[in-house]
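Visitor: In case you want the letters, here they are:
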Amino acid sequence: MNLDDIFDLVSYRIHPEAHIVVDYSTCPSCPHRACTFACPARCYEWNDARDRVDFAYESCLECGTCLLVCDPGALTWNYPAGGYGVRFRAT
Amino acid sequence: MAATEFDAVVVGAGPAGSIAALTLAQKGVKTLLLERGERPGAKNMFGGTLAWCPAPEELIPGFWEKAPWEREVVKRTLTVVAETSATSMVFRSDDVGRPFRGRVTLFRPAFDGWLAAQAQAAGATVVCGCTVEGLVVRDGRVCGVRVGGPNGVVEAPLVVAGDGALSFLAKEAGLHAGVRAEQMAVGVRGLYALDAEEIDGRFGLVRGQGATNEYLGGTDGVRGGGFVYTQTESLSVGLVLHLDSLKASGLAPYDLLERFVGSVHVAPLLRGAQLVEYSAHLLPEAGLSMVPRLSMGGMLVAGDAGGLCYTNGLTQEGMNLALTSGHLAGLVGAEALEVRDMSAARLAAYDERLRESFVFRDLKTYDRAIKLLRRDRLFSDYPEVVGAIMEQLYASDGAPKRRVGAIARNALRDRISIRETLADLIRIGRSYL
Numbered sequence: 001m002n003l004d005d006i007f008d009l010v011s012y013r014i015h016p017e018a019h020i021v022v023d024y025s026t027c028p029s030c031p032h033r034a035c036t037f038a039c040p041a042r043c044y045e046w047n048d049a050r051d052r053v054d055f056a057y058e059s060c061l062e063c064g065t066c067l068l069v070c071d072p073g074a075l076t077w078n079y080p081a082g083g084y085g086v087r088f089r090a091t
Numbered sequence: 001m002a003a004t005e006f007d008a009v010v011v012g013a014g015p016a017g018s019i020a021a022l023t024l025a026q027k028g029v030k031t032l033l034l035e036r037g038e039r040p041g042a043k044n045m046f047g048g049t050l051a052w053c054p055a056p057e058e059l060i061p062g063f064w065e066k067a068p069w070e071r072e073v074v075k076r077t078l079t080v081v082a083e084t085s086a087t088s089m090v091f092r093s094d095d096v097g098r099p100f101r102g103r104v105t106l107f108r109p110a111f112d113g114w115l116a117a118q119a120q121a122a123g124a125t126v127v128c129g130c131t132v133e134g135l136v137v138r139d140g141r142v143c144g145v146r147v148g149g150p151n152g153v154v155e156a157p158l159v160v161a162g163d164g165a166l167s168f169l170a171k172e173a174g175l176h177a178g179v180r181a182e183q184m185a186v187g188v189r190g191l192y193a194l195d196a197e198e199i200d201g202r203f204g205l206v207r208g209q210g211a212t213n214e215y216l217g218g219t220d221g222v223r224g225g226g227f228v229y230t231q232t233e234s235l236s237v238g239l240v241l242h243l244d245s246l247k248a249s250g251l252a253p254y255d256l257l258e259r260f261v262g263s264v265h266v267a268p269l270l271r272g273a274q275l276v277e278y279s280a281h282l283l284p285e286a287g288l289s290m291v292p293r294l295s296m297g298g299m300l301v302a303g304d305a306g307g308l309c310y311t312n313g314l315t316q317e318g319m320n321l322a323l324t325s326g327h328l329a330g331l332v333g334a335e336a337l338e339v340r341d342m343s344a345a346r347l348a349a350y351d352e353r354l355r356e357s358f359v360f361r362d363l364k365t366y367d368r369a370i371k372l373l374r375r376d377r378l379f380s381d382y383p384e385v386v387g388a389i390m391e392q393l394y395a396s397d398g399a400p401k402r403r404v405g406a407i408a409r410n411a412l413r414d415r416i417s418i419r420e421t422l423a424d425l426i427r428i429g430r431s432y433l
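In order, the protein sequence lines correspond to chains F and A. If you read the first sequence in this note's numbering, its first letter stands for residue 1, the second for the next number, and so on. If you read the second sequence in this note's numbering, its first letter stands for residue 1, the second for the next number, and so on.
Keep in mind that the hints were calculated from the coordinates and are not lab data. Incorrect hints may have been included.
Said to hold, decoys possible - Covered, in the sense of this in silico footprint (three residues per stretch, anywhere, with C-beta under 8 Å from a C-beta of chain A), are these stretches of chain F:
| no. | segment |
| --- | --- |
| 1 | 35 to 46 |
| 2 | 51 to 63 |
What the hints assert, rightly or not - Now the in silico label distances, taken between C-beta atoms and shown as ranges:
| no. | chain 1 | residue 1 | chain 2 | residue 2 | range |
| --- | --- | --- | --- | --- | --- |
| 3 | F | W46 | A | G405 | 33 to 41 Å |
| 4 | A | D139 | F | A18 | 32 to 40 Å |
| 5 | F | R33 | A | R293 | 33 to 41 Å |
| 6 | A | E258 | F | D54 | 21 to 29 Å |
| 7 | F | R33 | A | G272 | 37 to 45 Å |
| 8 | A | R346 | F | D23 | 37 to 45 Å |
| 9 | F | A18 | A | Q274 | 28 to 36 Å |
| 10 | A | G149 | F | S59 | 40 to 48 Å |
| 11 | A | R374 | F | H32 | 35 to 43 Å |
| 12 | F | S59 | A | G208 | 31 to 39 Å |
| 13 | A | R146 | F | D23 | 39 to 47 Å |
| 14 | F | E45 | A | R419 | 39 to 47 Å |
| 15 | A | R374 | F | E45 | 28 to 36 Å |
| 16 | F | S29 | A | A193 | 43 to 51 Å |
Backbone N, C-alpha and C define an ideal beta-carbon position, used for all residues, glycine too.
Modelling step: build the complete structure from the supplied sequences, incorporating the hints.
Guide: Written as structure tokens, this is what we have:
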């Protein structure tokens with residue numbers, strides 16, 4: 001298993017707007033930055049220069065891990081609009 | 001949508017929702033089944049099994065012959081993984097019972113699509129690509145859902161929430177305060193394509209038979225475990241990790257998965273297999289303590305949305321609980337619609353029926369086991385102790401052999417005190433005996 005390849009195997013229909021909105025103001029004081037490692041889709045990456053996470057919703061697997069590990073409550077979390085987002089294989 | 005009046009709106013075309021819609025439609029209830037994926041199953045990753053339960057057969061005679069499941073499980077292996085060794089218990093029984101009373105592996109996109117089609121054939125209206133954004137509540141009673149798009153609202157006297165593990169509808173209704181990390185696990189899975197005959201050979205199966213491999217430990221101290229499930233022409237390989245433990249570890253689930261897939265326990269099973277998909281999903285794991293009241297005026301909650309999913313360390317149950325709760329929600333909902341009483345008191349019959357069923361009874365029976373699995377030592381120290389005992393047992397180094405008890409005391413000595421060990425043994429005894 002080549003780690004970098006696994007994320008390319010997922011199919012998406014990407015909505016122009018993000019279904020998860022991050023309130024970055026809590027990032028600098030976050031004690032654990034758990035989203036940066038716990039998110040199974042690597043959507044969150046720490047940005048030293050900005051002292052906050054960078055978030056890419058496009059590769060989200062819609063599992064909900066980030067919502068539950070982000071105890072500062074920085075996330076406004078919705079499922080993508082109908083028919084959008086991740087689509088797992090039918091066969 | 002506004003032109004048609006519905007008696008019931010079911011949210012989510014997973015096993016709980018589709019069975020609820022099927023039950024309602026069969027009772028002549030005008031039912032709308034809403035699914036946010038572009039097709040039922042598009043949002044479901046699942047490598048797992050469905051254990052027999054009576055509900056589907058009652059609704060679809062010949063269900064177990066007709067449903068598109070993958071393999072009949074005849075072999076289950078539980079492996080305790082230590083740093084340098086692994087100890088397995090293999091259970092095999094080629095007698096799954098006739099009529100069938102066993103357990104099957106499933107490929108959820110195929111199964112979910114088929115089940116939703118059954119609801120449709122029974123008269124339910126199935127609309128995919130429709131995300132429910134919230135509830136319509138009047139006078140403390142649920143009377144519809146808000147959906148995206150121009151039509152906005154679908155009103156109906158009954159709403160069945162089968163909206164999955166995060167259960168936003170139950171939360172909005174105030175049935176729970178939102179699920180928490182310590183109640184949930186995240187499952188990550190790789191789907192590997194492999195010839196049916198190769199699978200048969202590697203797992204010691206003949207045509208149509210299936211195997212499940214489950215692993216305790218080997219997750220770098222994170223509470224959780226691994227699995228390999230055989231589908232017809234694919235393998236589901238993954239980890240289930242307690243979210244609070246993962247968060248505390250600082251480890252990434254895909255790194256742990258990569259290590260698991262490359263381990264001596266798993267890698268040989270995957271030789272030549274092609275990884276075709278990666279996915280992740282949450283699982284409720286806290287047992288009865290996280291199950292809220294599942295009914296209120298105008299709404300019933302079924303499946304993962306109600307926290308109805310568990311592992312007791314020996315087996316994993318979820319789909320049978322979803323199918324059974326969805327069925328009961330449909331029955332109670334249809335009865336309430338019949339007498340036009342959608343009050344909380346009337347719909348509380350659903351909680352009552354669940355309490356009488358195996359769903360709540362099993363959760364209660366294994367409540368202590370479910371709690372036991374929140375002890376870190378079970379996933380770190382004890383697998384090493386088991387490994388050390390087995391290594392000593394089989395060692396031949398010229399020194400005289402010792403009894404198993406002496407080996408065990410020696411293996412435990414550096415890791416866990418006698419007192420803690422005894423306390424754990426009592427806990428384990430109370431959980432399972």
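Visitor: Taking the hints in turn, state whether each one holds.
Guide: Each hint, compared with the structure:
{"no.": "1", "hint": "35 to 46", "in the structure": "holds (count 5)"}
{"no.": "2", "hint": "51 to 63", "in the structure": "holds (count 3)"}
{"no.": "3", "hint": "F:W46 - A:G405: 33 to 41 Å", "in the structure": "violated (50 Å)"}
{"no.": "4", "hint": "A:D139 - F:A18: 32 to 40 Å", "in the structure": "holds (35 Å)"}
{"no.": "5", "hint": "F:R33 - A:R293: 33 to 41 Å", "in the structure": "holds (36 Å)"}
{"no.": "6", "hint": "A:E258 - F:D54: 21 to 29 Å", "in the structure": "holds (23 Å)"}
{"no.": "7", "hint": "F:R33 - A:G272: 37 to 45 Å", "in the structure": "holds (39 Å)"}
{"no.": "8", "hint": "A:R346 - F:D23: 37 to 45 Å", "in the structure": "holds (42 Å)"}
{"no.": "9", "hint": "F:A18 - A:Q274: 28 to 36 Å", "in the structure": "holds (32 Å)"}
{"no.": "10", "hint": "A:G149 - F:S59: 40 to 48 Å", "in the structure": "violated (25 Å)"}
{"no.": "11", "hint": "A:R374 - F:H32: 35 to 43 Å", "in the structure": "violated (19 Å)"}
{"no.": "12", "hint": "F:S59 - A:G208: 31 to 39 Å", "in the structure": "holds (37 Å)"}
{"no.": "13", "hint": "A:R146 - F:D23: 39 to 47 Å", "in the structure": "violated (24 Å)"}
{"no.": "14", "hint": "F:E45 - A:R419: 39 to 47 Å", "in the structure": "holds (45 Å)"}
{"no.": "15", "hint": "A:R374 - F:E45: 28 to 36 Å", "in the structure": "holds (30 Å)"}
{"no.": "16", "hint": "F:S29 - A:A193: 43 to 51 Å", "in the structure": "holds (46 Å)"}
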